[in-house]
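> Please put together the full structure from these sequences, using the hints given.
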Amino acid sequence: MRGHGHYGEVIGVPEGTVFRHRIDLVRAGLHSNRMRGISGSGGEAADAVIVSGGYEDDADFGDEIWYTGEGGNDVKTKGQVAHQALARGNLSLIRNLLEGIPVRVIRGFRLNSAFAPEDGYRYDGLFRVENYWQDRSKSGFRVFRYTLRKITASPSPGLPKPLLLQEEKAEYGSEDLPAPVTRQQIEVSRIIRSTETARAVKRMHHYACQVCGLCLETPGGPYAEAAHIRPLGQPHNGPDTADNILCLCPNHHLLFDLGAFTLEEDLRITGTGDSLRRVAGHRVNTEHLRYHREHFAPRP
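When the letters of the sequence shown are read in order and numbered with this note's numbering, they come out as residues 378 to 677.
Simulated from the structure, these hints should not be mistaken for laboratory data. Each hint should be verified, as a subset may be incorrect.
Stated by the list, open to error - When the alpha-carbon atoms are kept at most 30 Å apart in a straight line, the in silico DSS-like pairs for lysine-lysine are as follows: (1) K453 with K515; (2) K455 with K515; (3) K527 with K515; (4) K527 with K455.
Claimed, not checked - Computed beta-carbon distance windows for the label pairs: (5) G456 with A657: 49 to 55 Å; (6) V452 with N614: 29 to 35 Å; (7) F486 with I528: 20 to 26 Å; (8) H398 with E594: 56 to 62 Å; (9) D620 with T454: 40 to 46 Å.
Remember, predicted model here, so these are calculated numbers, not experimental data. Where a beta carbon is used, it is the ideal one built from N, C-alpha and C, also for glycine.
Right, dumping it as C-alpha cells:
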C-alpha cells in the first residue's frame, strides 16, 4: 500500500481498471483514503480524486469534469449544509494547479453521469487541474469548484469522438479592436479565441503591467500577459473583449487569477490602496470586476 504523495500513473494499474470497493483503491496505491474524495492533506498537491456523486454540484463531461471540493455536505442527501473551507483537500488541488501536478481520476458507480462505471470504481487516467473558483452550491452554500481536464491519450469511456470546429474570422469593431470571441456548439463546445484582442490591449499599455508598471524586455521584444477578468470558457463564459482584459506581468497575472488581489469598482487594488494603471482608450468593465471579486476573492 502506498501513502499519499505518489503522483502520476501507478505501475500495474492501466487506465480502465475497475475495483469493487474503495478499500481496493487504497490497497492498489491509487488513493490514500477510503472515505474522502480528495487524496491530499493541504500541505502538498493531491495525487487522486474520486468522482462518485457525493456532491450535488459535480458535472461530468468526459474529458472535462467540474469537480466540487470537499466538506460541508450531508452524506445522506448529498446536499450542502455548510460553507466549504480552503483547507485540506481543497487546498491540495490548488497546489496541483500551481505546480502543474496531475491527479488520478477515479469514477464511482454512484456518479450520475454517462461516463460512470456500471459497478465499482474505475481508474480513468490523469487529469490536470486547469482552474478553480468559488461558487454558490445548488443549496446556496459556498463551495470550491475545479476544472479537471484529461491529459492522457485515451478518451474517457463513453465519450463521443469530438468534431473539429472551423474557426471563424473575427470582424473588427469601430475602435479597431477585434470583435467578441465566436462561439459554436456541435457535439463538443469550445471557444474560438482571437489573440489579436489581447495583443491590442498589451500594445495600448506598451506591455507595462497595470499593477506594478513592470515591462519585461526580452531578446524578442517586450513581454506582458493578457489576464481575463472573468475567465473564458464554461462555466464563467467571459468575453474575449478589451474591457475584460488586463495587461499584467506574469507575477500579478498569477496572483489575480488565484484571487490574491481583486479590483474595486473604482479600480483600487485591494489591500494596497493603489489604483490600477490606466491609459486612454482602454475601459475596464466593472461588471467583470464584480464577478471576479464574487468568485475568486478569499472569504472569511
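> If a hint holds in the structure, say so; if it doesn't, say that too.
Going down the list of hints, with the structure as the test:
1. K453 with K515: holds (16 Å)
2. K455 with K515: Satisfied, since the Cα-Cα distance of roughly 11 Å is no more than 30 Å.
3. K527 with K515: holds (26 Å)
4. K527 with K455: Within the cut-off at roughly 25 Å; holds.
5. G456 with A657: 49 to 55 Å: Since G456 and A657 have Cβ atoms about 50 Å apart, the given range 49 to 55 Å holds.
6. V452 with N614: 29 to 35 Å: holds (32 Å)
7. F486 with I528: 20 to 26 Å: Given range 20 to 26 Å: holds, Cβ gap about 24 Å.
8. H398 with E594: 56 to 62 Å: holds (58 Å)
9. D620 with T454: 40 to 46 Å: holds (42 Å)
Violation of the numbered hints given earlier is absent; every hint is satisfied by the structure.
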